[in-house]
Amino acid sequence: MARAVTNQRKAINTAFAWAIGLLIFFPILWTILTSFKTEAEAIASPPYFLFFDWTLENYAVVQERSNYARYLWNSIVIAGGSTLLGVIIAVPAAWSMAFVPSKRTKDILMWMLSTKMLPAVGVLYPIYLIFIKMGLLDTKIGLVVVLMLINLPIIVWMLYTYFREIPGEILEAARIDGATLREEILYVLTPMAIPGIASTILLNVILAWNEAFWTLNLTAAKAGPLTAFIASYSSPEGLFYAKLSAASTMAIAPILILGWFSQKQLVRGLTFGAVK
Amino acid sequence: MFLRNALRAATALTLVTAATAQADTITIATVNNGDMIRMQGLTEEFTKATGHEVEWVTLEENVLRQRVTTDITTKGGQFDIMTIGMYETPIWAKNGWLVALDDLGDDYDVDDLLPAMRDGLSYDGTLYAAPFYGESSMIMYRTDLMEKAGLDMPEAPTWEFIRDAAVAMTDKENEVYGICLRGKAGWGENMAFLTAMSNSFGARWFDENWTAQFDSAAWKDTLTFYLDMMDRAGPPGASNNGFNENLSLFQQGKCGMWIDATVAASFVTNPNDSSVADKVGFALAPDTGKGKRGNWLWAWALGIPAGTDNEAAAKEFISWATSKAYIELVASKEGWANVPPGARTSLYENENYKDIPFAQMTLKSINSADPLNPSVDPVPYQGVQFVAIPEFAGIATEVGQEFSAALAGQQSADEALEKAQALTVDAMEAAGY
Numbered sequence: 001m002a003r004a005v006t007n008q009r010k011a012i013n014t015a016f017a018w019a020i021g022l023l024i025f026f027p028i029l030w031t032i033l034t035s036f037k038t039e040a041e042a043i044a045s046p047p048y049f050l051f052f053d054w055t056l057e058n059y060a061v062v063q064e065r066s067n068y069a070r071y072l073w074n075s076i077v078i079a080g081g082s083t084l085l086g087v088i089i090a091v092p093a094a095w096s097m098a099f100v101p102s103k104r105t106k107d108i109l110m111w112m113l114s115t116k117m118l119p120a121v122g123v124l125y126p127i128y129l130i131f132i133k134m135g136l137l138d139t140k141i142g143l144v145v146v147l148m149l150i151n152l153p154i155i156v157w158m159l160y161t162y163f164r165e166i167p168g169e170i171l172e173a174a175r176i177d178g179a180t181l182r183e184e185i186l187y188v189l190t191p192m193a194i195p196g197i198a199s200t201i202l203l204n205v206i207l208a209w210n211e212a213f214w215t216l217n218l219t220a221a222k223a224g225p226l227t228a229f230i231a232s233y234s235s236p237e238g239l240f241y242a243k244l245s246a247a248s249t250m251a252i253a254p255i256l257i258l259g260w261f262s263q264k265q266l267v268r269g270l271t272f273g274a275v276k
Numbered sequence: 001m002f003l004r005n006a007l008r009a010a011t012a013l014t015l016v017t018a019a020t021a022q023a024d025t026i027t028i029a030t031v032n033n034g035d036m037i038r039m040q041g042l043t044e045e046f047t048k049a050t051g052h053e054v055e056w057v058t059l060e061e062n063v064l065r066q067r068v069t070t071d072i073t074t075k076g077g078q079f080d081i082m083t084i085g086m087y088e089t090p091i092w093a094k095n096g097w098l099v100a101l102d103d104l105g106d107d108y109d110v111d112d113l114l115p116a117m118r119d120g121l122s123y124d125g126t127l128y129a130a131p132f133y134g135e136s137s138m139i140m141y142r143t144d145l146m147e148k149a150g151l152d153m154p155e156a157p158t159w160e161f162i163r164d165a166a167v168a169m170t171d172k173e174n175e176v177y178g179i180c181l182r183g184k185a186g187w188g189e190n191m192a193f194l195t196a197m198s199n200s201f202g203a204r205w206f207d208e209n210w211t212a213q214f215d216s217a218a219w220k221d222t223l224t225f226y227l228d229m230m231d232r233a234g235p236p237g238a239s240n241n242g243f244n245e246n247l248s249l250f251q252q253g254k255c256g257m258w259i260d261a262t263v264a265a266s267f268v269t270n271p272n273d274s275s276v277a278d279k280v281g282f283a284l285a286p287d288t289g290k291g292k293r294g295n296w297l298w299a300w301a302l303g304i305p306a307g308t309d310n311e312a313a314a315k316e317f318i319s320w321a322t323s324k325a326y327i328e329l330v331a332s333k334e335g336w337a338n339v340p341p342g343a344r345t346s347l348y349e350n351e352n353y354k355d356i357p358f359a360q361m362t363l364k365s366i367n368s369a370d371p372l373n374p375s376v377d378p379v380p381y382q383g384v385q386f387v388a389i390p391e392f393a394g395i396a397t398e399v400g401q402e403f404s405a406a407l408a409g410q411q412s413a414d415e416a417l418e419k420a421q422a423l424t425v426d427a428m429e430a431a432g433y
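If you're matching them up, the sequences are chains A and B in order.
At position 235 of the first sequence (counting the first as 1) the number is 235 in UniProt numbering, and the numbers step up by one without a gap.
At position 383 of the second sequence (counting the first as 1) the number is 383 in UniProt numbering, and the numbers step up by one without a gap.
Next up, chain A with everything else stripped away, as it sits in the complex (with noise of 0.2 Å):
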């Protein structure tokens, strides 16, 4: 039976939520208010909200030194490139451990996400060796490599998950009725577990996107993405923070109209199996 809730509570409970999003979200929207302020308005104390001159000063800045379609097109290919194929490796491997478990899957599971907990650093110098043995430096499969294996523990989990809480009698049920295994997989549990695959896809990508670290330690002029985009206008001498927040405007606005649009998808994967 549920719960009842009174008005006052309910009005509590949405204002807190409301209150939690918003600071969530206040360093994003401060980042978008900055990119239109001057380079003075953007340091001034107090600080200005809203009533300050706005200008796409910035903005025409930034476009006229970087080429951003360029960095926005590598993102784009490393990002999807990286996720899809992660995503192509793991739905094999989590069914097998969702419904041929083995006495030592719990194990495996355990040492793959345990690769998490190296930090990147450590791996930094074998793997850039790697790269320039195979000549991958500053490549987009190079990078599509990289990110595909650092996140694909996140992608196995999440499908193993997933994959969890579709009953192995329906998969069963079609190998009765002769279904090969590439048919059990493509036909019968992927279309089951589509909102788990559809927000499996959509976190990987956001990772991927944001993803700092190996983007910018292999790569040079020719495959950075849109953080080597940003961290063209950070520095440590000169205050360049309205430049700098419009090129990080202009770096999460893909990725953020992309979630917004997807919450739905996004939210119903990420519950899913969670209410029974």
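None of these hints come from the bench; they were simulated from the model.
Here the structure is a predicted model, which is why all the values come from computation and not from measurement.
Glycine included, each C-beta is placed from N, C-alpha and C at the ideal position.
Take these hints with a grain of salt, some might be off.
Pairs of lysine-lysine, DSS-like flavour, derived with a Cα cap of 27 Å [to be verified]:
1) LYS354/B to LYS333/B
2) LYS222/A to LYS48/B
3) LYS48/B to LYS172/B
4) LYS116/A to LYS103/A
5) LYS279/B to LYS148/B
6) LYS279/B to LYS254/B
7) LYS222/A to LYS75/B
8) LYS133/A to LYS75/B
9) LYS133/A to LYS222/A
To be clear about the criterion: a stretch of chain B counts as covered by chain A if any three or more of its residues have a C-beta under 8 Å from a C-beta of chain A, and this derived list gives those stretches [unchecked claim]:
10) 53 to 65
11) 266 to 273
With chain A held as given, fit chain B onto it using these hints.
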């Protein structure tokens, strides 16, 4: 017939090779600051003159340092030119990682480079990175507040004068603080300032036998003076302040004095960004009468990693970007106030540049720093605000954390110095000194 064909083939090959050599694409890693961005904007002139294309990788200073260090130590070959500083140049040159720049062309006039810059960017007397622009540190002060305090700033003040003036200028109720100094931990942050300051107190990082010197009276004098002055006349939360934070405070009229990079002079006198642009004076960094002033020396310079495929084109670029002609090119397009400062003597002899209010003080500051003899007593290392050994960045960052904690009131000067001494001794022993 065979001979003729062979000759034709050889000629064709030579032409192709020459054509290829004339149309190289060079990749340059650089930092994000006004002078470097201006250089990127003028690259077309270089391409027009030589045929070489240029690709830029612009990164934040600390990211760039990590990025180029990874590449040069692994011979990654991602960059044909790297923007490096006075810290890296002698270390990398010693390791054979940089190409010697002793043949930048007949017109280059290497003797015109400011001696302090040339020394700091050389190893064993050979230039390994060409200075694009150079900086020292100096005092920037509010002329109106100094007048209000009834004081006259000498051109070369002592630390005692600065402390007394800072206290006199402080008006905490109105958020005006007599002195703003770096307090944020880091080898290039508070330790750059404090190391340079310690030179003027007669302190040094190591004696001639590479023994750490934080247990010396000179270091105690330096740190206690700094902490006392900041306590009495510094802004709140100073242990979090670096260049940008202090620049912001100064531009908003909240600092009476600021001792920092000479490059800041153009920011604080720019009326578009600074509310005190017309009330700024300049003076040399202070001393204690021991013969050394508390100013540092730094250059952003262009170096070529050994083993690059485009060495000739890279040299052509460096020769162009650090030449007298480049300075004139910038002046003609963007005015004399925007030319890269601190690299060439001839710039400071130029009548057009003499009108820039901070030009001569910048030159005097640069000339008063000696990277080969930074402190009062002899030292076994090169560098004014750093020690040019690979271990320094790590050690100094840890020492900087101790000093920053002392500034935040979490420990005393004695405790900070004791810890600094212990960790430096440990690190140097581990490094085999």
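Structure-based check of each hint:
no., hint, in the structure
1, LYS354/B to LYS333/B, "holds, 18 Å"
2, LYS222/A to LYS48/B, "holds, 22 Å"
3, LYS48/B to LYS172/B, "violated, 56 Å"
4, LYS116/A to LYS103/A, "holds, 23 Å"
5, LYS279/B to LYS148/B, "holds, 12 Å"
6, LYS279/B to LYS254/B, "holds, 13 Å"
7, LYS222/A to LYS75/B, "holds, 18 Å"
8, LYS133/A to LYS75/B, "holds, 11 Å"
9, LYS133/A to LYS222/A, "holds, 18 Å"
10, 53 to 65, "holds (count 9)"
11, 266 to 273, "holds (count 3)"
Hint compliance for this structure: hint 3 alone is broken.
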